[in-house]
Structures are given as C-alpha cells and as structure tokens.
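Please work from the sequences and hints to get the whole structure.
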Amino acid sequence: MNYYKPATFDEAIAIASGAEGITRILAGGTDVLVQMRSDIVTPDTLIDIKAIDGVKDITRAEDGGWTIGVAVCGAEISEHPDLPREWPGVVEAIGLIGSTQVQGRATPVGNLCNASPAADSVPALVAAGAEVTVQGPNGPRRVAVEDIPTGPGRTSLQKGEIITALHLPPRGKGGGDAYQRFIPRTEMDIAVVGCGVNLRVSGQVITEARMALGAVAPTVERVRGAADALVGTKLEDSALDALADLAQAACNPIDDKRGTVKFRTHLAGVYARRVAKIAYERARAAQ
Amino acid sequence: MALDEYKPQKGGSELETDHQFKYVGTRPDRPDGFDKVTGRARFGADMYAPGMLHAAILRSPHAHARIVRIDTSKAEAMEGVKAVVTRADFSKNVPFAPGMAGEFWNILENVMAGEKVLYDGHAVAAVAATTPLIARDALKAIEVEYEILPHVTDVDEAMKPDAPVIREGAADKSVPEGMHPNVVRYHESGHGDVEAGFAEADLVIEDHFTTEATHQGYIEPHACLATLGSDGKGELWCCTQGHWYVQKVCAALLDLETANLRVTASEIGGGFGGKTTVFIEPVALALSRKANRPVKLVMSRSEVFRATGPTASASMDIKIGMKKDGTITAAKGEFRLQGGAFPGAPMEFTAMCAFACYNLKNVHQVGYDVMTNRPKQAAYRAPGSPMAAFAVESVIDELCNRLGLDPIEVRLKNAAREGTKASYGPTFPRIGLVETLEAAKAHPHYSAPLKPGQGRGISCGFWFNHGGETSVSLALSEDGSAQVMVGTPDIGGSRASMALMAAEVLGIPFEKIRVTIADTGSLGYNEISHGSRVTYASGLATIKAAQDAVRKLRQRAADKWGIDVEAVDWVDGCAVPSGPNAGDFDPLPLAEITKNMGATGGPISGHYEATPEGAGVSFATHIVDAEVDRETGSTRVVRYTVVQDAGKAIHPTYVEGQFQGGAAQGIGWALNEEYIYGPDGRLQNPGFLDYRIPVASDLPMIDTVIVEVPNPGHPYGVRGVGETSICPPLAAIANAVSNAAGVRLRDLPMRPSRILEELEKQQGDA
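Same order as they appear, the protein sequences are chains Y and S.
Using full-length UniProt numbering, read the first sequence as starting at 1 and increasing by one per residue.
Using full-length UniProt numbering, read the second sequence as starting at 1 and increasing by one per residue.
Keep in mind the hints are simulated off the structure, nothing from the lab.
Given the structure is predicted, the values throughout are model-derived calculations rather than measurements.
Any given hint could turn out to be false.
[Claimed, not checked] Covered stretches of chain S, going by a simulated chain Y footprint (3 or more residues, C-beta under 8 Å):
hint	stretch
1	102 to 114
2	741 to 755
[Said to hold, decoys possible] To spell it out: a stretch of chain Y is covered by chain S in this simulated footprint if at least three of its residues, at any positions, have a beta carbon under 8 Å from a beta carbon of chain S; those stretches are:
hint	stretch
3	146 to 154
4	252 to 260
5	264 to 270
Backbone N, C-alpha and C fix where the C-beta goes; we use that ideal spot for every residue, glycine too.
This is how it looks when you write it as structure tokens:
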C-alpha cells in the first residue's frame, strides 16, 4: 500500500488518476481505517487530504450560503457559531454519526463518499439542497449531493475525481430543516430509517418543501413528490397523510438483520410526519 | 478521605452484628482505581516479552463441515512465520467421554477443530509470526478444503428427528431413549402431584417463551502471552477468571506437568462468567513450544463474538395454576437450552432456579441440553437462571393481571422462607426473599403513579451462590502493613472487600493492606472466580488467615509479657491483657510487634485453605417502569429499582455496582441483544454495531436497596451478590413492557420490530 499526503488538490488528483487498484481518500478515517483494520478493504493507494490548504475551513459563500471544507469534522460543525442556527437539521444529522470521539474525526463528505444508504448526514444534506464541488482531470464541477451515491458503497465519482468542498445554499427567511432517524438504541447506532425534511413558509403556508429518506433504498432517496404534497398547505393532517404515503411509496428497502421491508416502510411514514412537524415549527419561528 | 469519615451503611434489615464493625460496611476508595484511570493497570494484551511473536487464528467460515485437507506449507514458507499449528500439535491423550464427563476433550475440540468444524468461527489452524500483519497474511496462505455438511442453529430444530447430528455418542446416560442424538443431557426434578395441583386451581396459564443467546460483552477481548520450552516448562500471562483452571486445562491439552506451567492472571476487563474457561491459551502455548519463542495472542472483537461463549438460548414451556386468592397450586416447566456444538448448556440450573422463589406443594421441571452448530456456550452471570425467571415470572404476572391481584402480594403469599422445601430439593435455611419483597413494597417506586403509555413490572430472582476450593495467605511487614494473597481474580471489587475484612480482623486501617492476586506458583489451588463465591469464600479464608496471624501476634505479646496466650486479647489492632488478672500491661500495637518479629520468632503470617460449603442462596426483587412508543415499537426503561439480599455488604458501593450491573446487562438482554444467524449458519452480527449492548443513554438511573439477612455460613454474614442481580431483569422488563403495551411479550429480545408486530396482532384481534 502506498500512502500520500499531498499539499494541493491538483497533486491529489494526479496521484489518484495515476493509481492502480483500489484508491481511498483519507480525511477523518472513521470508515477507511476501520475497513482496513477489519480486513474489508485493503487499498493500494491511500491519499491523505488533510494537509491541503483550506480543507478545515467553514466559510460564508458570496450568495449567503456556506462552503465547508472536506476535512471539517462533525464536532467543528456542531460548535460553529452560525451553522446550527441556520441549518439545525443538517447539523443534528451530522452530529448523530458515531460517538463523541468519532465526531472529532468524522467528516460529512466522508459520510457521503462511504455511500451507505443509512448515512445520517446525507438525507439532511439532500433535503437542504446541498451540493459538492467535484474536481478531476477535466476540472471542477458542481454536483447535487443526491447524485453522488449510486448504490451501497458506490459513488458517481470517476477515476481521479475527488470532492473538494461541500456547499450549503443560503438559508433565507422562513426556512427550517430537521432530521431524525430510527435506531433500536438511543445513540451509537445505524439508522433503520432516516428522514430529512427542509421547508420554507410564508406565514403559516408552506412555500418550498424537500424531503429525503435514508436506509429505505440502495441509496438515500429524495422524495420528489414532497413539494406537491406540502406546498400551499399549513401541514394539516391531510398534508401529513399525503407526505407519509409518499414516503412509504418511495421505499425500496431490503430485509436484513436491522429491519424488515415491512418495518422500514412503516417507519418511513411515521418519521416523515414527525420530522415534517419539527421542520415546520422551525420554519415558522425563522420568519 | 480520612478513615473516620467512612460511615457504616445500615442495610434494609437489622443485623445484630452491625455495631461490631469498624471497617466492614464502609466505602473506601477502590484500591485498583488509580491504576485503571491512569492506564497503569496491565490487562491481558499489555504484557510483552523479548523476541515475542504475534499469533493469529484461522477460523471456519462454515457452520458445519468436514475438514478434508489442511495445507499449511505455503504459510510456513513465508518470511517471518515461525510456527503453524493444527490439531496435530495438541495432546492425543485427552479422552472423549459423553456429556460433561469429557469436558477437557470438549475444550480441546473447541480450541482447535479435529475432523469437523462445528460452527462459524471454529478454529482450524494458528500462526505465529514476527509481526501481526505477517501472521494475518499467513492465515490467508493456509489452504483448507471443506466438505460442507447440513447445519442447525435453533434449539427446537436441533431436536427434530431429521436434524443433522452434530456428534454421535455425545449424550450421557441421563438422556431417555428415543431422543435425537443432539440431546446430550437431561434433567428432571420436583415434588408433589402437579396434575392434582392444577385441578385445584381457579386459573391455569400455560405459555411458551424463548430467549436468544447473548454475549457477556466484557470490554476486554481475550489475550495472553505464552512461553513454553522444549523442557516442558512454561509461563502464561492471561486474562482469566481462574488461572488454576487455565493451568490444569492447558497442562492436559499439551501433555505437561501441571506444576511446570506457571500462570499469572492479568488485570481483567470484565468476565461475567465468560472468562471461566479456555479459548486461546493452549494455542499460544503450542505455538510457543513449536517456535521456541514467546507468543502473544489477542482476539479481535469479532473473534470474541464468533468463538467465545455466549450464553445458551432457550425455548421454554411453563404451566402454573393459581387460586383466586393468589395461592399457587402447581407449577411445571420444560426448558430446552442449546449451548453450541458441545454439551454444557446450563439447563439443570434453569430447571432448578425456575420455581426456587416459591413455596410449592406441587412442582415439576424438566431440562434438555441440546447441541447446535453454534459456539460453545460459557457461563454468563447466574447461568441458566435469568431465562427461567423470564418465563416463570411472566406467567405469574399474567395470572396476577387476570385475577386482579397485586404482584408483590401474590409473591409474598407464595414466597419461599426458612424451612421451605425448595423446588430443587433441599430445605432452605435463613433466606431473605420476603425481606426483599417487603422492601420493594415499601419503596416509593412501587407506589409512584405511572404516566400514560407506561407500564410497571415486578420480578423475583434466585441464585444458588457457591463456595469452592480456596486458599489465602496473609503476610505482615515490619512496619505493620499487611499483604493479602488471594487466588481469585478480582472481577467485582474483591480486593477492596478482602482488605476491609482483613482490616476488621487485624484492626489496622484499610490503606495499610494490599491485596494481590497471586499466581499459580505462589499459592495453593483456587477455584475460578465464579458462582458469586469470591467475597464469600476468599473472604472467609481471608478472615481466617488474618485470625491465624492475630493468634501469632497474641503469642508474641504473651511471650513478651510472660503470660499465657489465652490471657491476651486482640482489640483495635493491639494486644491487650484479657482482664485485670492477666497483668497490667500497656496495649501493644501490631506495628510494635512486627517491628521486632525477626528477633522474636520470625516472620508473622497467616494462612487458611478449605472448601467452604456455607454459601448462602440469594434472592432479589426488581421493579421496572417502561414506556412503549406504539408507532415504532421502541421501548424505554424509565425507572429501575433493584432490591437484593446481600447478607452483609462488605463494601456497599461495590454491592450497589453489582446490582446496577446485573440490571444493565439484563436491560440489554431483554431489549436488543441477540445472536443473529443467517440461513447459512453464519453469525450476522459479530460486532458492537449490530450486537446492541445498552449505551449509557439507554439506561435510567438504577436505584438500589441493599437488604441484609445474614448468611449463617459466613463469619460476617456475606452472601454472594454478583449473579442474582441478573436473574429478575428479563422478566421484570418484559412484565413492564407487556403491561405498557397491553400485549404479552413472550420472546426476547423485545426489539422494536417485534413489539410492533405484537401490537399489530392485537389491533387485528380487536
């Protein structure tokens, strides 16, 4: 195995482009190192990106959104002065990954690239409309977070491509988001179902709505009908019913040791309602 | 903290000896605390030796297969590989015998597979190499050809006529004819006429219950450092609950003289019964002998799950009859336990503990020990008892519900007391079940109102406790401090308890006493730290050894004063004349005697060895409040109270810790912990991600009440406390959850999906 610690993304991309066999990017290492120790993946090339300038910065973008460096860990996001207020759902989703110790290492971009359908931060990021910058041999491009995972453990990144930044849109007025997951325990667990909802309201009426579900399909699933079900409503019971039906219809889970198809599908409906209510209250309070 | 700040703790009952104690019953800081919080404590994996090799074990990926061929030549040829062992490198002189009579053969077969692999994770070969990575790579170079055989992992399936046979001839004579060869031991006990008893009942409930295998879940994986030379002499450092047992087993499996293998027990990161047997030590010794180098072997967590003992899983049928006034007229139970691919599932304990809390005219219990393609079960805290309590106490709860009776009153009405003929045979001496029930009834928890969606559960539990072979030495130093050498690894605070008991006898402060766990070369044979025996048996031996030293101290004072030893008393750490007639001498403190002991007759020490048989049985009553999220099936234990008879709490903080620990492990077992096997017979969750022990936020504050009904078999009244605390939780939690949900939960764990299914069935019925 070859280990590299490049000083620039260009250098990292050059290494990744020329590498043969299995390449892994090392940021927090909370997936990569565990997989190596457990003999699940033994990379031929390991590229540590923590020494690249700016990867640990959280900066306000020109449009009023946020740019989060790829080596920013969960704890830094949770303790940021503005992010938890603007994007509480995204921040609480990131904060659910692992333990307090893991939060000192684990990064949301790592969570995304690990491409687990149960990744906690991803449904919240998808609901928020977050994007990433993907840089490769052909230059940079902006990609929606929901377009990165393509299946369990698989991403749309091509050979030599690396994610170089995470972008949250400007929050604006009347916006609120939330994320919750179902786990058998109270923490340190993997989502049986995860649900992220992001709303905007004007007065009591919903004007924008996005929802995404985790652990109910091979990838985190954006529920595209959510806007149709919610926009124009005041989140009345009928709107919640419609949202829960949409959530359940979007489910394409598997039976495994963590939950059956029936159980996951049922929970998706329960969590769609619960999380939408929280996001709605937050949005109303943010006017 | 100054000693005079220690306040003796009064227990739940009047103990006539309370006023006599100066040190016993106080709460000094734990003697191992500093080492553990600073990292100075040396656990199994913390020992190193010059030239040490690192070992790794190749494990079967199949649940059941014949080993056609093992080719280790490629691994042996690798640079850095110093030894490879298979079954051929172990003794050929360990005899096979049916049932538990062949336990050493069973351990050998488990430590390294012979002709067949019997479960996913069964060891087939091992490597010692200069680095852990080389050892791991070498495992991949070992070629094993398997002929896969049909497997069975479920206890009821394993008893069916067409189930694959795991090993012919493993059944002992107790098994009735006509049973499947996988049934290897059988137990039957009871008294009275149960059918006549059921006829007298106003209500009879018969129900079926299951529990899954759960792992002891100790934080420290098994680890050892072994050295064995071609001269047959060896040294072994390992994390174990009983190093004399390790010595005996390893000697047998490797054809050594027992005394030539010196075994030292490391500090231990939890055992709970799971470290009462042997898994890796003979393998490390065999590799060391072959490589002629020290060998270190450390298990990974997944190896711990796949190849060390979880407890048995159980399938149980219970039938109990009750009159309208709450009198139990008859009780019957059938308990089928699987303990993996070897005899030993503790079904006789399950059967014997099942109804032990109650004074029954008519009781009958049957147990089956069944083999399956799973790892060899190991003891887990009161082995066999928690599942019995789950089944029995669930039925009693249901009877109380249907007859409209208070669950504590019904238990009090039927409770076993002094003089009761126990369901498993003997007549109880003084016991404390009634006192725990009275204390539970009086506890504010029992009368606290429940919120909507919450339910309350009550359960009693029983464990035998044990004495066992014990040897303790105590040596005084010239400065008046004392060292106590015990042979029972400290898995629950026993060093603190021993020091308190020695302090009580010697009359010197706790801080002047250091208790060490002696190695097998430094003390006589000691049975394992199991059966909640240590504070009882090693404690008794410590008291007697200290008394032996005090007798010698009194003799030195008598010699100095020129009077008879009978005229010298020992009071508060000083020799004093026994009365005015003995003479007028100033008190002679211990340190004054030891200061000159070299010149007055030589070193002063005390010793005691015995197999004490007066371990008092112990009972507990638990109260649990739980709430259920009816939309998700999620459960939360919101309040928990443990009431248990400790006989006499030597160090109450440790006793409370044992109570809380049993409850915490019980919460895991009841709600989420389970061994999950796929259709391929492989373990699906060999890690803490999907094997869900409770995390701190899953647990409520666990309140404790120490009841003290002294055990007549111990000088200070001690009863073992470590195991009884896990007997009631499964039932108490199941009763709380069932009462909260309005449906009876009969299968553990009560994971959310299972509760949701039961709620859906209830809605379907309604």
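Do the hints match the structure? See the list:
Here's how the stretch 102 to 114 of chain S fares: 0 of its residues keep a CB closer than 8 Å to some CB of chain Y, so the rule of at least three is not met and the hint is violated. Beta-carbon proximity to chain Y at under 8 Å applies to 3 residues in the stretch 741 to 755 of chain S; the threshold of 3 is reached and the given coverage holds. Coverage of the stretch 146 to 154 of chain Y by chain S is violated in this model, with 0 residues showing a Cβ closer than 8 Å to a Cβ of that chain against a need of three. Remark: the stretch 252 to 260 of chain Y is confirmed as covered by chain S, as 4 of its residues place a Cβ nearer than 8 Å to a Cβ of that chain, reaching the required three.
Remark: the stretch 264 to 270 of chain Y is confirmed as covered by chain S, as 3 of its residues place a Cβ nearer than 8 Å to a Cβ of that chain, reaching the required three.
In terms of the numbered hints stated before, the structure departs from hints 1 and 3, listed from lowest to highest.
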